[in-house]
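Given the sequences, and given the hints that come with them, work out the whole structure.
Listed below, chain by chain, are the residues.
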Amino acid sequence: MRRLLLDGIVRAPLTERPPLPGDAAIAELATALDRAAHRRLGRSLSIRTVDAGSCNGCELEINAISNVFYDIERFGIRFVASPRHADVLTVTGPVTRNMADALERTYIAMPDPKWVVAIGDCARDGGCFASSYAVLGGAHHVVPIDLHIPGCPPSPTEILKGLLALMDRVNEKPSERQHRPPENGGHGAANAPRA
Amino acid sequence: MSALVDLVARGTVVPRHSPWPRSLVDVEAWKEAIAALVAGDLTMLGLWGEVAAVHMALTQGSAVAILSLPCPEGVYPSVGRTHPPALRLERAIRDLYGLVPEGLPDTRPWLDHGNWEKSFPPGAGSATLEHLPYAFLPVEGESLHQIAVGPVHAGIIEPGHFRITANGETVVRLEQRLGYTHKGIEALMTGATLDKAAKLAGRVSGDSTVAYAWAFAMAVESAIQLQVPTRAIWLRALMAELERLANHLGDIGAICNDAAFTLLHAHFGGLRERVLRASDIAFGHRLMRDRVVPGGVSTELCPEGLAAIIAVVGEIRRQMPRLVETYENTASLQDRTVGTGVALPTLVQQYGAGGYIGRASGRSFDARRIFEYAPYERVVFEVPVLAEGDVDARVWIRIREVEQSLSLIDQILVQMPDGPLRAEIGSPNRASEGMAIVEGFRGDVLVWLRIGAGGSVERCHLRDPSWFQWPLVEAAAEGNIVADFPLCNKSFNCSYSGHDL
Chain A
1 MRRLLLDGIV RAPLTERPPL PGDAAIAELA TALDRAAHRR LGRSLSIRTV
51 DAGSCNGCEL EINAISNVFY DIERFGIRFV ASPRHADVLT VTGPVTRNMA
101 DALERTYIAM PDPKWVVAIG DCARDGGCFA SSYAVLGGAH HVVPIDLHIP
151 GCPPSPTEIL KGLLALMDRV NEKPSERQHR PPENGGHGAA NAPRA
Chain B
1 MSALVDLVAR GTVVPRHSPW PRSLVDVEAW KEAIAALVAG DLTMLGLWGE
51 VAAVHMALTQ GSAVAILSLP CPEGVYPSVG RTHPPALRLE RAIRDLYGLV
101 PEGLPDTRPW LDHGNWEKSF PPGAGSATLE HLPYAFLPVE GESLHQIAVG
151 PVHAGIIEPG HFRITANGET VVRLEQRLGY THKGIEALMT GATLDKAAKL
201 AGRVSGDSTV AYAWAFAMAV ESAIQLQVPT RAIWLRALMA ELERLANHLG
251 DIGAICNDAA FTLLHAHFGG LRERVLRASD IAFGHRLMRD RVVPGGVSTE
301 LCPEGLAAII AVVGEIRRQM PRLVETYENT ASLQDRTVGT GVALPTLVQQ
351 YGAGGYIGRA SGRSFDARRI FEYAPYERVV FEVPVLAEGD VDARVWIRIR
401 EVEQSLSLID QILVQMPDGP LRAEIGSPNR ASEGMAIVEG FRGDVLVWLR
451 IGAGGSVERC HLRDPSWFQW PLVEAAAEGN IVADFPLCNK SFNCSYSGHD
501 L
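Heads up: the sequence lines are chains A and B, in that order.
The numbering of the first sequence is my numbering, which starts it at 1 and goes up by one.
The numbering of the second sequence is my numbering, which starts it at 1 and goes up by one.
Hints in this document: simulated from the structure, not taken from any laboratory.
Treat the numbers as computed from the prediction; the structure is a model and nothing was measured.
Incorrect hints may appear among the rest.
These stretches of chain B come out as covered by chain A in the derived footprint (C-beta under 8 Å, 3 or more residues) [said to hold, decoys possible]:
no.	region
1	173–183
2	286–300
With the C-beta cut set under 7 Å, the calculated list includes, among others, these residues of chain A facing chain B [claimed, not checked]:
no.	residue
3	Asp51
4	Gly53
5	Gly57
6	Ala81
Have a look at the derived ranges for each label pair, beta carbon to beta carbon [what the hints assert, rightly or not]:
no.	chain 1	residue 1	chain 2	residue 2	range
7	B	Gln227	A	Ile108	51 to 59 Å
8	B	Gln415	A	Asp125	41 to 49 Å
9	A	Pro150	B	Ala307	49 to 57 Å
10	B	Val38	A	Thr15	51 to 59 Å
11	A	Pro150	B	Ala423	29 to 37 Å
12	A	Asp7	B	Gln415	31 to 39 Å
13	B	Leu413	A	Asp7	44 to 52 Å
14	A	Gly76	B	Gly40	54 to 62 Å
15	B	Glu117	A	Ile108	19 to 27 Å
16	A	Pro150	B	Leu413	30 to 38 Å
17	A	Gly76	B	Glu474	34 to 42 Å
Just so you know, even glycine gets a beta-carbon here, dropped at the ideal spot from N, CA and C.
Structure, rendered in structure tokens:
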């Protein structure tokens with residue numbers, strides 16, 4: 001292990017900044033994300049993810065943005081275990097009927113202000129599972145969506161890009177979206193005033 | 001005559017079912033099959049229903065057969081009554097089709113949480129039955145407390161519920177409740193075109209998209225007796241081994257992470273990322289989704305892709321030895337993994353648990369070796385087996401399988417011929433049935449389907465290896481400390497979505 005640690009000190013990090021030729025997009029994105037996150041939220045943005053019935057493909061790629069190549073934590077963005085600590089909720093999957101309640105409760109448990117990002121094609125409209133008896137067909141049936149990142153699954157770079165877009169939105173219009181109901185009026189009480 | 005051949009001969013063999021026989025049997029033969037399962041002569045590969053029949057896939061050595069029991073009255077003798085591996089499958093069959101397993105001791109629903117708009121949705125359907133609150137198994141004793149975990153977990157993983165009963169730090173009982181990600185995939189398959197069904201199959205479990213797509217395609221090709229171009233078969237194997245590599249590398253790192261050893265997590269996570277990037281360059285998708293299709297493959301391997309794969313294989317070979325050495329020689333890590341979460345060989349045998357879980361507990365089953373489906377009869381590889389059955393053994397099986405996959409990729413790249421990528425499927429003019437078993441990274445994926453005369457899917461069943469692995473997590477967690485549960489669970493890494501369908 002000692003050699004492994006020493007090598008780690010001597011060698012350049014794998015994390016992709018400064019950009020490698022041909023791989024400039026990630027680095028460009030990284031710089032922009034860093035600036036936007038800093039302006040609005042100091043240096044921290046906490047994300048709670050809920051798998052609302054995905055095939056696990058989106059989770060794999062969300063996990064990947066924490067690996068040494070993307071290292072999302074260097075921007076102050078981190079994944080948290082409790083919705084109580086979260087600014088952003090990311091949702092994956094077509095929202096199965098069996099997960100709707102848990103998704104809604106997670107959203108309610110988050111403090112304001114909060115944003116929701118739907119990740120993947122299923123979270124938009126149910127994707128190829130849309131017509132099933134067992135799914136609601138998109139996260140908007142349960143929680144208000146601020147941003148959608150398409151893909152099946154979206155690549156880590158696309159997820160990073162999406163979070164950047166969210167940052168821009170957070171900075172532009174923080175007040176306009178506080179009490180916007182879900183598109184269909186809501187699956188339940190996600191937007192009801194809290195006691 | 002073996003028990004399985006005898007049972008098949010007792011019934012009426014269904015025509016146009018391949019490659020293995022399917023036999024319509026009576027209740028007596030069904031009961032004999034149950035007795036053979038209990039005696040350990042047969043191993044269950046799957047158990048599924050349709051509107052008025054139940055099907056049971058069985059194996060003995062390298063022989064495979066399906067026994068089908070028509071149940072026009074909606075009842076059949078329970079297998080789970082005496083053979084516990086069938087318990088959850090029978091609960092699921094009842095939830096989906098309303099077929100009642102006579103004598104099943106556990107009558108609680110499994111996939112149906114009372115949220116669907118009707119009962120038995122893929123079957124005849126009916127108004128929603130009344131759902132009582134889910135009753136977890138009772139626990140009695142002094143000083144016990146319960147910990148409820150999920151369905152939303154702390155990490156970025158799939159949803160499921162774990163009810164842990166503990167005495168101080170020690171787990172007395174773990175009970176799982178699954179079904180949260182049930183998407184009704186089999187109902188969506190019914191009536192779907194082969195193209196649409198293939199897409200669905202590739203989305204049953206995202207980490208095994210190649211294995212599922214391959215198993216589905218192979219079942220279709222068996223049913224309609226379609227010859228797949230040789231190059232396509234080799235490309236499928238190449239993708240399957242890349243998928244195995246990526247998942248095993250990610251898992252080894254994640255297991256170390258759950259033992260709070262993040263150094264290896266970072267290194268193995270980096271290797272996993274390199275494999276995904278090489279796959280992306282080679283096949284145009286990091287997870288290689290929708291690349292295996294009925295009739296062949298949808299993407300050619302470009303020269304840059306070939307170079308990327310060769311490069312990543314070299315990089316893994318270069319890095320693995322010192323990472324493995326670190327795993328092996330770090331006392332604090334070994335302290336967590338050795339002797340933790342033991343899956344007993346007898347249980348593994350009884351449940352027919354496959355993949356690294358079976359092989360870490362002495363069960364050498366590997367579909368690539370047992371059934372030798374193409375191209376695995378043309379390559380040389382070892383199936384690593386250990387006896388300890390603990391977290392450490394499951395890590396070591398993965399390490400050895402990474403080495404085997406690297407060697408397999410070398411052989412595949414050397415042997416792969418040029419040629420067409422896909423055979424025309426045409427439109428079948430008569431109904432037929434097919435089945436396939438493909439070794440995914442997690443274990444054997446089984447797909448059975450019936451194609452109608454019009455060429456669409458009439459019924460398709462996809463059985464994830466997790467069905468026979470999840471119950472072993474319950475057994476393995478017992479007697480361990482609560483803090484080791486995530487470690488045990490990660491070393492099994494069962495699929496939620498593949499199980500819930």
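Numbers of the earlier hints that this structure fails to satisfy, in rising order: 9, 13
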